[in-house]
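Colleague: Going down the list, the sequences are from chains A and B.
Each step along the first sequence adds one to the number in my numbering, with nothing skipped, and position 65 is 473.
Each step along the second sequence adds one to the number in my numbering, with nothing skipped, and position 36 is 52.
None of these hints come from the bench; they were simulated from the model.
Treat the hints with caution; some may be incorrect.
Stated by the list, open to error - Keeping only pairs whose Cα atoms sit at most 25 angstroms apart, straight-line, the calculated PhoX-like set for lysine-lysine is: (1) A:K425 with A:K452; (2) A:K452 with B:K32; (3) B:K54 with A:K452; (4) B:K86 with B:K54; (5) B:K54 with B:K19; (6) B:K54 with B:K32; (7) A:K446 with B:K54; (8) B:K19 with A:K446; (9) B:K86 with B:K19; (10) A:K425 with A:K446.
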Amino acid sequence: DAMVIQNPRYQVTQFGKPVTLSCSQTLNHNVMYWYQQKSSQAPKLLFHYYDKDFNNEADTPDNFQSRRPNTSFCFLDIRSPGLGDAAMYLCATSRESRGLGGYTFGSGTRLTVV
Amino acid sequence: AQKVTQAQTEISVVEKEDVTLDCVYETRDTTYYLFWYKQPPSGELVFLIRRNSFDEQNEISGRYSWNFQKSTSSFNFTITASQVVDSAVYFCALRSSSGSARQLTFGSGTQLTVLP
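Looking at chain A on its own, in the form it has when it is part of the complex (with noise of 0.2 angstroms):
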């Protein structure tokens, strides 16, 4: 089934130390979304990639990077985690045209910071 796959399901990573999580998707959609969601709130979003073009929300913090190699995949970076940064991260896509997309959402990297 077409789908979108977020590897792992669950990271612990250390304060400080560069984590990267991945999201491949088999939908061929053009955008590509990274969401952050912190317990109890909603998603928010960090940025997204409208094919190869990058797009950063104004207040997702530098610490935060992407990379789309191929329209397929998509990471996070997280240069250096802090324990404020632990939160379920989502990725997300859309076909975009000429009308507005529906979403589909991958199942999420629950992250920890130790």
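Chain B: place on chain A using the hints.
Modeller: Below, chain B without anything else, positioned relative to chain A:
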């Protein structure tokens, strides 16, 4: 600017009761989509429905139904004969054609607990 308000933070019902989750939205656009997502304890966001701004027809899918009213900017979600497996956080979300055009704006979510 766009905004989604889910005034109910938590709701508890007993199994087999009907429950309605409220969603009120704000947008200046005439073209937009509204969504409902379910987030069980495992964390994934499960898509339930998408409705575009030009289609005010209410929809029923099994025990789920949605009432979209543009006049009151509301998109409410009703679960009929609730079950324990319906326990989850439910998010209403809005996607419009202006501003940060590709951003999905979420409400704060409603935690639904269905008691046996």
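Colleague: A separate judgement is required for each hint: does it hold in the structure or not?
Modeller: Okay, the hints, checked on the actual structure:
Note on A:K425 and A:K452: the hinted pairing holds, with a Cα-Cα distance of about 23 angstroms set against a maximum of 25 angstroms. Of the pairs offered as hints, the one joining A:K452 and B:K32 is violated, with about 33 angstroms between alpha carbons and a cut-off of 25 angstroms exceeded. The straight-line distance between the Cα atoms of B:K54 and A:K452 is roughly 16 angstroms, inside the 25 angstroms bound, and the hint therefore holds. Among the hinted pairs, B:K86 with B:K54 is consistent with the structure: their alpha-carbon atoms are about 23 angstroms apart, no more than 25 angstroms.
The hinted pair formed by B:K54 and B:K19 meets the criterion: a straight-line CA distance of about 19 angstroms does not exceed 25 angstroms. Only pairs whose Cα atoms come within 25 angstroms are accepted, and B:K54 paired with B:K32 is accepted, the gap being roughly 19 angstroms. For the hint linking A:K446 to B:K54, the alpha-carbon distance of about 16 angstroms falls within 25 angstroms, and the restraint holds. For the suggested pair B:K19 and A:K446, the alpha carbons sit about 19 angstroms apart, so the restraint of at most 25 angstroms is met.
About 15 angstroms separates the Cα atoms of B:K86 and B:K19, which keeps this hinted pair within 25 angstroms; it holds. The suggested pairing of A:K425 with A:K446 holds, with an alpha-carbon distance near 20 angstroms, which does not exceed 25 angstroms.
In terms of the numbered hints stated before, the structure departs from hint 2 and from no other.
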